[in-house]
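Each protein sequence line maps, in turn, to chains A and B.
When you read off a place in the first sequence, starting at 1, and then add 15, the result is the number in the numbering used here.
When you read off a place in the second sequence, starting at 1, and then add 15, the result is the number in the numbering used here.
Hints listed in this document are in silico derivations from the structure and should not be mistaken for laboratory results.
There's no promise every hint is true.
Mimicking DSS-like on lysine-lysine, the simulated pairs with C-alpha atoms at most 27 Å apart in a straight line are [stated by the list, open to error]:
#	chain 1	residue 1	chain 2	residue 2
1	A	K180	A	K83
2	B	K20	A	K113
3	B	K113	A	K20
Below are the chains, spelled out letter by letter.
Number of protein chains: 2
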Amino acid sequence: MAMVKLEPPAQLGMSLGEAMFTQRAIRRLKPDPISDEDIQVLMDAASKAPNARNEHRGRFLVVRDREKIRKFAELYTEAWWAKQPEGWSPENAPPGDKHLGPMRLAGAMKDVPVVVLAVSTAPRYASSILPAAQNLMLAARALGIGSVLTTLHPCVTHRIHELFKLPPEAEVHCCIPLGYPEGRFGTTARLPTSETTFYDEWGNPPPWE
Amino acid sequence: MAMVKLEPPAQLGMSLGEAMFTQRAIRRLKPDPISDEDIQVLMDAASKAPNARNEHRGRFLVVRDREKIRKFAELYTEAWWAKQPEGWSPENAPPGDKHLGPMRLAGAMKDVPVVVLAVSTAPRYASSILPAAQNLMLAARALGIGSVLTTLHPCVTHRIHELFKLPPEAEVHCCIPLGYPEGRFGTTARLPTSETTFYDEWGNPPPWE
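Only chain A is shown next, with the shape it has when bound in the complex (with noise of 0.2 Å):
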């Protein structure tokens, strides 16, 4: 298949600034559906992140048939529970407990309008599909549409292999739902980069505050 050069589509207007400093993790989201044509420029931006070698190890599957949706929901449930703390249940979190949306999210799933696996052709190539997750969830902001990152805990792996009929080599990186957000985009907290960045060597403090 001949490669193609495409031109920045109109959608996504938005500064870069603006898109970034308000992606957050949208994790409740409307059933509307999704349009094909905003798919397509979801992928588009994808397909423009960096790749090794440009040898398109980088696949997206997009889900949007409402009986696979409801597996895979029952899957990422069972493996949303496995990865978390022994012991922990919403009975004994405290307020603000930082697992309570990720846990709402996983009862959700089986009702957002489409998951988006991102998926590599061959194992490892984590930074040949996650940069261009990235650009799909920065697009998705620019159209108004929410999104998360998600990962998969290793003990559905088989099943979501068996489910969507990947090829064995083939490694799911993560999991992405889409959808319109019930609330609001808007600013996330951070550590301040003075706290995560570090200049020549471990542990010495850049320059700014």
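Based on these hints, arrange chain B on the given structure of chain A.
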């Protein structure tokens, strides 16, 4: 350390579409320095990407010390050759061979003004640092700074840890040289997304060509 909420910096006013669709691997970099102010913009942009449970497992190590870059370049070159197919050499490579550009980068690495290592504070966690690396590279594009995502062969891992005093549990996910480009930004050639996107199960094409 308290978390912060940041406003988008004025320097990131380029449209999302232009930034994404004109990002390309820039391997010919001028030695001109990059200001700390610009590096801070890149780090702030990176910090806004998703990360698992907002636990901040990602760190960026910004290397500008000339002696450290020289030593890094030696290790990078050794690692680059370790990744090449047996018997490959520039003398027997056909014109346009896709290894030639990266080979030149390995030779030029000692002269780049900045190398950024994207690191997680524990193994795995690729999905908590590679989306941030993509934000960093998109922000660099908006600032007119060239970048290229590179990875290291495991044969140099131990010496990279020693050189930068990385803790044993840290993992380097990619290395990004930065510099003002000798050439131009401009669009990349990619497989059409009708070839790299599937609907509902592996192999099912999407509804566009």
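Against the structure, the hints:
no., hint, result
1, A/K180 with A/K83, "holds, 12 Å"
2, B/K20 with A/K113, "holds, 18 Å"
3, B/K113 with A/K20, "holds, 18 Å"
Of the numbered hints listed earlier, not one is contradicted by the structure.
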